[in-house]
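Participant: Those protein sequence lines, which keep their order, are chains A and B. Reminder that position 92 of the first sequence reads as 92 in this note's numbering, one-by-one numbering, no gaps. Reminder that position 343 of the second sequence reads as 343 in this note's numbering, one-by-one numbering, no gaps.
Just to be clear, a hint being listed does not mean it is correct.
Note: identical chains are not told apart, hence a pair may lie in one copy or across any two.
[Stated by the list, open to error] Below, simulated DMTMM-like cross-link-like pairs (lysine to aspartate or glutamate); rule was C-alpha separation at most 25 Å, straight line: (1) LYS4 - GLU67; (2) LYS247 - GLU9; (3) LYS127 - GLU186; (4) LYS280 - ASP250; (5) LYS247 - ASP11; (6) LYS403 - GLU87; (7) LYS247 - GLU2; (8) LYS222 - GLU173; (9) LYS4 - ASP250; (10) LYS424 - ASP361.
I should point out that these hints are in silico values taken from the structure, not numbers from a laboratory.
Okay, here's what each chain looks like letter by letter:
There are 2 protein chains.
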Amino acid sequence: METKIILSEQDMPTQWYNIAADMPGELFPPLGPAGSPLEPAQLESVFPHGIIEQEVSRERWIPIPEEVRSVLFRWRPTPLRRAHALERHLGYGGMIFYKDESVSPAGSHKPNSAVPQAYYNMLEGVKRLTTETGAGQWGSALSFACAQFGLGCRVFMVGVSYDQKPARKTMMELWGGTCVRSPSQETAAGRRAIRDFPGTPGSLGIAISEAVEAAVTSRDVKTRYALGSVLNHVLLHQTIIGLEAKKQCDLAGVTPDVVIGCVGGGSNFAGLAFPFAADKIAGVPMEIIPVEPKACPTMTRGTYTYDYGDTAGLTPLLAMHTLGHRFIPPPIHAGGLRYHGVSPLISHGIDTGLFTPRAHDQVSAYEAAMLWARSEGTLPAPETSHAIAAVVDRVRQAQKEGKCPTILFNYSGHGLMDLAGYEKYLRGDLTPYAPSDHDLSRYMAGMENLPPLARNLP
Amino acid sequence: METKIILSEQDMPTQWYNIAADMPGELFPPLGPAGSPLEPAQLESVFPHGIIEQEVSRERWIPIPEEVRSVLFRWRPTPLRRAHALERHLGYGGMIFYKDESVSPAGSHKPNSAVPQAYYNMLEGVKRLTTETGAGQWGSALSFACAQFGLGCRVFMVGVSYDQKPARKTMMELWGGTCVRSPSQETAAGRRAIRDFPGTPGSLGIAISEAVEAAVTSRDVKTRYALGSVLNHVLLHQTIIGLEAKKQCDLAGVTPDVVIGCVGGGSNFAGLAFPFAADKIAGVPMEIIPVEPKACPTMTRGTYTYDYGDTAGLTPLLAMHTLGHRFIPPPIHAGGLRYHGVSPLISHGIDTGLFTPRAHDQVSAYEAAMLWARSEGTLPAPETSHAIAAVVDRVRQAQKEGKCPTILFNYSGHGLMDLAGYEKYLRGDLTPYAPSDHDLSRYMAGMENLPPLARNLP
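Whole structure, please, built from the sequences with the hints as guidance.
Facilitator: Below is the structure:
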């Protein structure tokens, strides 16, 4: 078997896979401000129609426009690689594969959704997009995508990541975007966050509030908002990852027993996992593991309920595993995983037993990254390192059980923009972080006023 | 035609191409300290036998060991890509292709030689390698390669780059290497440089002196030195680039009319160009352009003569285009191009009309990089940006002439580790730098005591 399984451009998928068509049970709809199911038209000041249609669609297959495919061809199909050196290093008798999404211009899977989002906005005459970004992966991906279709791009970057990773700001500017530290003085939501949480490191929830507000209050040019994760349409765009990976597994003659991805809002995990989850829904046995940081344990310690997607409560209410929309995660380096909730589709999958989440702390994630760097030879992003920690953990478990499952994970991005985090790890300056029960319950206070999930009622 | 032309692993070359077998005219031999041709045995304290044999070989084809190929497979064969977006941006009717060497773990072409060098040293029981590095590309590549074969690695990094690019040091340490700012207090050569050139930004010449001295004076474990460019064996290892590119051009049904690469010592240029130069030697018309920075104009303003490869004069004398081994280039961001000389094989090629060098300053290189970032969407290394500046320049020339030559260049590395340089460019803080004739002549003083090239004698 070759070290990497490469598809030709003709083999790149022509349709995205919409798991909403196949999900077991009924999905809880998003709710509007009055607590009743959201009408698609209520989203029109935020998103273009092309995106809203995808958000609410129940069609199984949705075509990828040619203009989008022609940009994706720059780096797609991405390689499926076998981690021979890691297998040897762990003394593992089974096979470990990874889908390498780090090969995109922005260095992660994020352009897979940034490109179609910029495209659909351009089609409808939008001139500028606003967005949030955690570690900067999404903000730089959207800047890149906007440059491809002639749109402006304004990015609100979570304060702690803005300070940790100044190179990401430069990257956005090179592609013509602008980058603002969040919380900022530019928006009411930002000013309120600065007042309510003095000295806050910022959070994705706050940055989303700022970006949504900046879009809907913009008066100079037609401006819309773009989200990098959580929502159905974003996860839909990312399924190109898993669709390619399935073809590549077929070419290699293997079937993964375990599928792993790290989760902030859930886009890279879903992108790889959903096409495989379709087989699991159809009866193929498979273990599908979303991995989160212990510092932000949404899936493993959060509540499944309706909550806002942002701190200021500007978004619709989404049914999700959440720590409460006012939760501000500790300043871990995996800025892309610092989100208080998780995608409704993934939450539903956890609730129905499709996915079995795990959590790892950032120190064990950097340990796994070091092991990876010295065996496989590349430097993973701090987010991706959480997935690698779960792979190593799952291998150890298999070795104890005397089994050799085939493992597939999403190598969602490279860590070349976060070597400062590695430097701290090498110096022993990183803490594992895990909030106490008391911390978590404090942020959940007030959540009882939000509408409960119908199914949770007695 | 697909956007990228991909070879399968079976199509990766099994032999390197040694241009010394085909070079027109006679090559000037390296000279030992006494001024007589160097005996291979005189290199034994510096290099292992496997490397020395390759350095002096006149065999046309040299086999690539399987153990080396199995590491190269992690990222090779690399893609040949068509720069459609740049063509459109320039309104160019011709085709522009680039060989993408940025996809390696260290982010450049450098591992192509680091891996075999670490391998041959390992075979002969060497336990540690020392080396120099400019921008850090070579030092990190060698650290990566040493990690693959269980060797230690000690890197002397040119001071100005060490200060500009701290992430490179972290990268080397992640792979188990150590990195020392050069000039250092660790070696006599370093102490002398600090004394003779107070406040010096350092140079590759000084760092080479330090690394060679550290290898030959090492007493604890068997230590040898590894060079990242200039010498025949390094350029030999890099020919895998051009051999792949030729196969890919054949697959695409194109023949390049113009081949371009940036030059410090010359390894990435030679790697792409030598296999094509073989065709030019055989009579195929072709323009082959090595590109250097105006701040360090070795090929366009230097003298073709015998000179030392390092500042302290520890190396053999090499016949090369040189600015004098005491020349310290201005602190441009393209640290990999700050070398006073150029490979003897390339110098010979220039002298015999095979190669026609050009020079660009760093501001025009960053301008070309910006144009590339906003069209093709990736961020090139400052070194690579010099090649892109030459591509843009050559396209403008072709447009004036009403011609459409097919252009091929080496995208030798990505710029993700040098966003601080881009940041300075965006702020307008970079200067073009070009030494005056007086500056250059000052450094050449004393060179008349070195042996002249026989062919230069009346």
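Participant: Compare the structure with each hint and give your call.
Facilitator: Results for each hint:
1. LYS4 - GLU67: Only across copies: LYS4 and GLU67 sit 17 Å apart there, 28 Å inside one copy, limit 25 Å.
2. LYS247 - GLU9: both (13 Å within a copy, 18 Å between copies)
3. LYS127 - GLU186: within (20 Å within a copy, 57 Å between copies)
4. LYS280 - ASP250: Close inside one copy (16 Å), not across copies (44 Å); limit 25 Å.
5. LYS247 - ASP11: both (8 Å within a copy, 22 Å between copies)
6. LYS403 - GLU87: within (14 Å within a copy, 53 Å between copies)
7. LYS247 - GLU2: both (15 Å within a copy, 19 Å between copies)
8. LYS222 - GLU173: Classified as within: same-chain Cα gap 21 Å, cross-chain 48 Å, threshold 25 Å.
9. LYS4 - ASP250: both (13 Å within a copy, 23 Å between copies)
10. LYS424 - ASP361: Intra 15 Å, inter 36 Å, cutoff 25 Å: intra-copy only.
Comparing the model with each earlier hint shows no violations; every hint is respected.
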